[in-house]
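Engineer: Sequence:
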Amino acid sequence: MKQRRIPLRTCIITKEQLPKQELLRIVRTKEGEVLVDETGKVNGRGAYIKKDLEVLEKAIKGKVLEKKLEIKIDDSVYEEIRKAIEK
Numbered sequence: 063m064k065q066r067r068i069p070l071r072t073c074i075i076t077k078e079q080l081p082k083q084e085l086l087r088i089v090r091t092k093e094g095e096v097l098v099d100e101t102g103k104v105n106g107r108g109a110y111i112k113k114d115l116e117v118l119e120k121a122i123k124g125k126v127l128e129k130k131l132e133i134k135i136d137d138s139v140y141e142e143i144r145k146a147i148e149k
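In our numbering, the protein residues as written are 63 to 149.
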């Protein structure tokens with residue numbers, strides 16, 4: 063029996079290639095809204111970060127998500143990301 067291929071994505075902070083389940087997708091929609099995409103299917107420009115609070119802190123300090131998504135991100139969005147990581 064053939065083994066299923068596991069989709070890999072790259073964390074924008076650590077540059078590690080990991081399975082999608084180990085990463086969190088952050089999306090900027092066409093309306094300019096930034097969301098945490100739990101399903102991985104929301105339309106828009108996406109960026110993946112590792113589900114790790116240290117990685118999130120690096121993203122906040124370096125404003126990496128803002129650069130990748132090309133939009134200013136509110137602190138409330140970072141709090142939402144933090145809650146999603148802690149689940």
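No lab work stands behind these hints, which were simulated from the structure alone. Don't take each hint at face value.
With a cut-off of at most 20 Å between alpha-carbon atoms, the simulated EDC-like pairs for lysine to aspartate or glutamate come out as follows [unchecked claim]:
1. K82 - E142
2. K149 - E132
3. K145 - E116
4. K120 - D137
5. K125 - D136
6. K134 - E95
7. K113 - E141
8. K123 - E100
9. K129 - E148
10. K134 - D99
11. K77 - D114
12. K120 - D136
Between beta-carbon pairs, the in silico distance windows are [said to hold, decoys possible]:
13. E116 - K64: 30 to 38 Å
14. R67 - S138: 32 to 40 Å
15. I122 - Q65: 33 to 41 Å
Quick caveat: nothing in here was measured; it's all calculated off a predicted structure. C-beta atoms are modelled at their ideal positions from N, C-alpha and C, and glycine is treated no differently.
Engineer: Give a verdict on every hint.
Structural biologist: We went through each hint and held it up to the structure:
A hinted pair counts as satisfied when its Cα atoms are at most 20 Å apart, and K82 with E142 qualifies at roughly 19 Å. At roughly 27 Å between alpha-carbon atoms, K149 and E132 are farther apart than 20 Å, so this suggested pair is violated. For the given pair, K145 sits about 14 Å from E116 by alpha-carbon distance, which is consistent with the 20 Å threshold. With a CA separation close to 14 Å, the supplied pair K120 and D137 stays within the 20 Å bound.
For the hint linking K125 to D136, the alpha-carbon distance of about 11 Å falls within 20 Å, and the restraint holds. Of the supplied pair hints, the one linking K134 and E95 holds, its CA atoms being roughly 10 Å apart against a limit of 20 Å. A threshold of 20 Å between alpha carbons decides the hint, and for K113 with E141 the separation of about 14 Å falls inside it, so the pair holds. With a CA separation close to 24 Å, the supplied pair K123 and E100 exceeds the 20 Å bound.
Only pairs whose Cα atoms come within 20 Å are accepted, and K129 paired with E148 is rejected, the gap being roughly 24 Å. Between K134 and D99 the alpha-carbon distance is near 18 Å, which keeps this suggested pair within the 20 Å criterion. A C-alpha spacing of about 14 Å is found between K77 and D114, which places the hinted pair at or below 20 Å, so the restraint holds. Pair hint K120 plus D136 holds up; C-alpha atoms about 16 Å apart against a cutoff of 20 Å.
In this structure, E116 and K64 meet the distance hint of 30 to 38 Å, their C-beta atoms being roughly 37 Å apart. Restraint check, R67 to S138: a C-beta distance of roughly 37 Å satisfies the suggested window 32 to 40 Å. Between I122 and Q65 the Cβ separation comes to about 38 Å, which falls inside the hinted range of 33 to 41 Å.
Hint compliance for this structure: hints 2, 8 and 9 are not met, and every other hint is.
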